[in-house]
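2 protein chains.
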Amino acid sequence: MRRYASVPFSDVQITGAFWSERLETVLTRTIPSQHAQLAKHNILRSLKLPQPVPPLTIPPHPNGFTTEIFWDSDVGKWVEAASYALSHRRDAVIEAQIEEIVTDLERAQAPDGYLNCWYQEREPENRWTNLRDNHEMYNAGHLLEGAVAYYRATGRDRMLQVMERYMDHIAATFGPDKKRGYCGHQEIELALVKAFHATGKTKFLDLATYFIDERGAQPHYFDQEAAARGEPAGKYGQGTYEYSQSHIPVRQQTKVVGHAVRAMYMYTAMADLAAEHGDTALKQACQTLWRDVTETRMYVTGGFGPSARNEGFTQDYDLPNDTAYAETCASVAMVFWAARMLNLDLDGQYADILELALYNNSLAGLSRDGETYFYDNKLESDGSHQRWEWHPCPCCTMNVARLVASVGGYVMGLAKDEIAVHLYGGAKATLPVAEGQATITETSAYPWDGAIRVQVQSDRAFTLSLRIPAWAKGATATVNGAPVPMTTERGYLRLHRHWGDDRVALHLPMTPQRVHAHPEVKADIGRVALMRGPLVYCLEAQDQAAPLHRLRLPRGADLTATFRADLLGGVAVVTAQGAALQNPAALYQTEPPTEQPSPLLALPYYAWCNRGANPMQVWVRE
Amino acid sequence: MRRYASVPFSDVQITGAFWSERLETVLTRTIPSQHAQLAKHNILRSLKLPQPVPPLTIPPHPNGFTTEIFWDSDVGKWVEAASYALSHRRDAVIEAQIEEIVTDLERAQAPDGYLNCWYQEREPENRWTNLRDNHEMYNAGHLLEGAVAYYRATGRDRMLQVMERYMDHIAATFGPDKKRGYCGHQEIELALVKAFHATGKTKFLDLATYFIDERGAQPHYFDQEAAARGEPAGKYGQGTYEYSQSHIPVRQQTKVVGHAVRAMYMYTAMADLAAEHGDTALKQACQTLWRDVTETRMYVTGGFGPSARNEGFTQDYDLPNDTAYAETCASVAMVFWAARMLNLDLDGQYADILELALYNNSLAGLSRDGETYFYDNKLESDGSHQRWEWHPCPCCTMNVARLVASVGGYVMGLAKDEIAVHLYGGAKATLPVAEGQATITETSAYPWDGAIRVQVQSDRAFTLSLRIPAWAKGATATVNGAPVPMTTERGYLRLHRHWGDDRVALHLPMTPQRVHAHPEVKADIGRVALMRGPLVYCLEAQDQAAPLHRLRLPRGADLTATFRADLLGGVAVVTAQGAALQNPAALYQTEPPTEQPSPLLALPYYAWCNRGANPMQVWVRE
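Protein chains in written order, with our numbering: chain A, 1 to 622; chain B, 1 to 622.
Next up, chain A with everything else stripped away, as it sits in the complex (with noise of 0.2 Å):
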């Protein structure tokens, strides 16, 4: 079943500005101040084992709970956002201090393999008790991932023989034949992936497809290990197993429901798992669930997950825009579900979603001077949500910084006789293809302009496809100048030829469109989202010449795209003339509200936030 394999970041250079910049940016700004932070925290020095339990820098919530349980996961993400960066290019300094947590670890695992620093300080005996609650396994995954990414980027194994290790511990300890159990937060499923397509090992492939297939399998794991630990069996302080994705097996789930983050991690090592077992009905469960979130629970922005109560989902079509909570890694975690479906069918409507979580809801949890950070993502703000440079709960900021760096690798798929390339921007790589490789530079200004230019030098006959995003009505292409007919398979211009150095140009017409939600979405009625190319546009209210709540864009205004160099560090505005709401003579009249003009400026929502307090909307009333 599976066709096309994702080319890794390390295989892939970026060499546009747009995501340039950004790499850079990670490299130089967020990735040493993620360092400190964690160094601040504590959260550094809580692998250097035994120690003392080191003091909380940030108080305990109310109830008690702190997340110092999540710490191991907090350096994980670390390590492997700063692998990316390192492929963009080498640094000493974040080098020595990735082989310091390195030595740390190696230093702190059992002798048996168990490496969990929380587990091991405070409560070794009572090691995967509580799966449910304690996140034993989504940090092993999260510190799994630091390792693949760490070996792809320099070729060190070290730290991935450490993982190696547990991960063949927790074989040792789970499967059909031993203890059952599955974590309440998946992601070791997709690490343990990522393993098997970085060493070939099945053993990794195997332990994932287990905890995929017991996930939500009755008698309830979660019930069993709460009887033995003397509790009620039970359910999530949030409400039912929903919240975890293992209230049924997962091949019978069609709600995307509970908790945002967990579902978009589930589903991506469901979809890799369909692709390596080619199994159907993960395969059909997996669309099933695409269709659910992308028809009916997605914010334009390409963010999940309205409520902050369980930081996930809850009714079809519940999008409200200045509640949204959108979890900057829930959209993290949709690219990287739907780089999964594009690996299961090449279907733009994969590559379209993955392009619009990246470029909006994702990529606005980033400030643009690296260094804050948006946990939530509202679509519209008085002005209150403000970027932090810090969280209780840090886990978008290395998400967000992972998704940056890794960019390169959502930008091109192989198969044996064929190359996608699913995002352009500037980027290159030389790939096998056909028995024999193939390079493809790829150069644009995108996202601010649609002319891509893709160069081509091979020798073989293999199929070049070229995504043409659903955005893009009316586009061209030539190769070698002259024109081929714009015929597209599911989302791709598929050009066949026995390739040499071969131009082919590309014109993606980026005019700026109006958007508007199904009338079940409540907060969007009578408004008008603005997108040019794959980015959604926001106003901020310093922008405008009257306060946001007063602005309406009329249906027929000419909407304008130009590039403002002086703003936010180059970025395409979209320019149009709306209206304004003027005072009326009293609190209620039977007159016609009247308007004057009033001139709209939208900048790109991902940048938005970046030049101090600031009311937003995405939605603009019509």
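Think of the hints as simulated: they come from the structure by calculation, not from any bench.
Accuracy of the hints is not assured; some may be wrong.
The list cannot tell twin chains apart, which means a pair is met if one copy fits it or any two copies do.
Below 20 Å or equal to it, Euclidean Cα-Cα: the simulated SDA-like pairs (lysine to any residue) are [what the hints assert, rightly or not]: (1) K201 with D157; (2) K522 with R621; (3) K416 with Q457; (4) K522 with H549; (5) K522 with Q589; (6) K203 with E164; (7) K522 with T594; (8) K473 with P592; (9) K428 with G16; (10) K473 with A586; (11) K522 with E591; (12) K203 with G113; (13) K416 with G436.
Knowing the structure of chain A, use the given hints to seat chain B on it.
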């Protein structure tokens, strides 16, 4: 300064269908069912001193708070409402119930005149030690209002004598040369003015004047009494002394703040005292506060106080619909205040708001069957906002009952040579005027129809001032069939002549009107409300062909009013051809949303939620 006196409820006979039906319902359903509830919840039993403290029938609030401390006021308000109803038609059972209460109060009263069943039973040593929180004078005020009403309705003065002894005790305790103090919840001030009007005894007026003058003076009395209790001199749990409008002296107040009912009761007393004393500073404060509330802080339904947190005011233009608190008691109290303002100045702006609050936010508080209530009056509901049979704090139940039963008291105003008619709907009164008398008989099907007939029988020359509501654009009038010029003075058509047996006809056009809100009321932007005559309309979901949120009332759509005798006991509905959003193909799309015509049916706001659970909207998308 004062020119007009209200004509008491007992001197006006309600003859029109609309209010006769409500009065009949209150007399035969509301008053008896409330008496049963007061009995069921041990509130009546609490008067029978000495008694073991009766058990609570409603569990206390999780913070330990109960409303037992207000129980005397519930009894006082019920006596008051029942007395107004008796003025409509005497009823032996109700009268016996009142008499039993009076006997209980008479027995309970302490030898020194003090009368508070809660304190007398539980903490007799602590009386007058916590005026800020414990409502002693508030209870006293409501009992006094009940006593005055019962006296006016029946001529029986036993309860009034009890209360006069209590007021004498209070006057002997508090004053400039005695103990300082005033109640945290204003109420006694306006009650004392009523007692003065009923008895002519200036001691009542003097005590009211003291409380109003002392309020907010420094050093702050609530600080002093807190210190005397050994508590930190402080603030209300709710925040600052703005909560009880005691933050600054009343004459310096320019913004309506804090708990809305306390505010309205205080402004009522301030307007009363401004009139009695010709106190210009007090009158100007009233005028300033009136402008503030009506120009920035009032719902279109005549409701006030958007926030449940403080049961009161927040910020200018903060008027959300789906979370509106707009307590029934607050708009009932606005009717009281507006009536007093109308006595200070015969100005239609006061009568317009009186009528708005009466027919809409207040009247909505009582169900059609007269036995269920709204405490808070939302302007938009998803169907979850329901009427209740009783409430832990049943203040609104008796408040709406006493307003409806006393509606006759708001119909007319009287000066030396002038009779003013403020409200229409069928009423008759014989009044002393110009050293003679006149019988005014107003006949109409108001508020359904604007054809008003006023028969005047007199042999005196005086001015008959007929209110021309601001909404009645194009009103016309005739006297004995001959047109009169429609020269109005501050909203009143003032007809001066020597009257005999004359017929005045007034035509108030009742064309349905669109109302738009100030654009700072964010919830109402792009929306329109409908009014016809004094009534605000709303859409209930069960009358529409599409879900409420999908409906739109285009600006040009014709509005048609039709009297529907079959609906809710007979109401005029407003219908229009609206439009309903149709289902699109996707969650987001670039095509504009499509609509289909969809008929809209609006009914009076006061009548909503009388046919079961039902989503509702006052503000409809335009």
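Task: Violations among the numbered hints - done: none
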